[in-house]
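Student: Here is what each chain is made of, one letter per residue.
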Amino acid sequence: GAGVSQSPSNKVTEKGKDVELRCDPISGHTALYWYRQSLGQGLEFLIYFQGNSAPDKSGLPSDRFSAERTGGSVSTLTIQRTQQEDSAVYLCASSSPGDIQYFGAGTRLSVL
Amino acid sequence: EDQVTQSPEALRLQEGESSSLNCSYTVSGLRGLFWYRQDPGKGPEFLFTLYSAGEEKEKERLKATLTKKESFLHITAPKPEDSATYLCAVQAPHLLQGKLIFGQGTELSVKP
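If you read the protein sequences in the order shown, they are chains Z and U.
Per this note's numbering, the very first residue in the first sequence carries number 1; after that it's consecutive.
Per this note's numbering, the very first residue in the second sequence carries number 1; after that it's consecutive.
These are calculated hints, taken from the structure and not from any lab test.
Predicted model only: the values in this text are computed from it and were never measured.
Even for Gly, the Cβ is constructed at its ideal location relative to N, Cα and C.
Incorrect hints may appear among the rest.
[Stated by the list, open to error] Sample of chain Z residues at the chain U side, in silico, Cβ under 7 Å: (1) Ala31; (2) Leu39; (3) Gly42; (4) Phe45; (5) Gly72; (6) Val74; (7) Gly98; (8) Phe103; (9) Gly104; (10) Gly106; (11) Leu112.
Take these sequences, add in the hints, and give me the full structure.
Tutor: This is the structure we're talking about:
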């Protein structure tokens, strides 16, 4: 069966440009999470979607970060005016509520 | 403050040399402790969930145990294919449902 799919796998951008990262969760999973993994750091929670409820954005590091989830399925994480410190691997996970989180392979973002 | 600390940061073993990885946690009430394996360039892969002190789970050469303050991942007679970064994460009732707090991981290298 299909797992969590993320695209692109790699993204190189210039400082100040906007980027969009996509996550396609496992079919039937109503919960979706975004995490960020910086070099030498643990996974850092960014945002959480559960069904049609308003997302929990408590982990977003700045107002340059936003995310949406259309139709309760695919999610897009947008970073505006990218900075070099945004360089990291962005991981998406999905689950049934309160259940095990299954992760995608991530998008490696490099801001030059 | 909720915190997860893993040790050692890196561990080098010879094939067949058993050892243990440690995950110490500080959280107000534990809902669950999770172990994941992460290979280079891939997302974390779920291994185990432990819910209460004294609980143990096994999978092939891996055995996870849990106390009120820490968890151990015991690796018996490891093989080179066990080389990966092992991540520990916790869930707690006061956190939003499903949010995981991760440690920084232990990078395991098993040499033939």
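Student: Of the numbered hints stated previously, which ones are contradicted by the structure, given in increasing order?
Tutor: 2, 5, 6, 11
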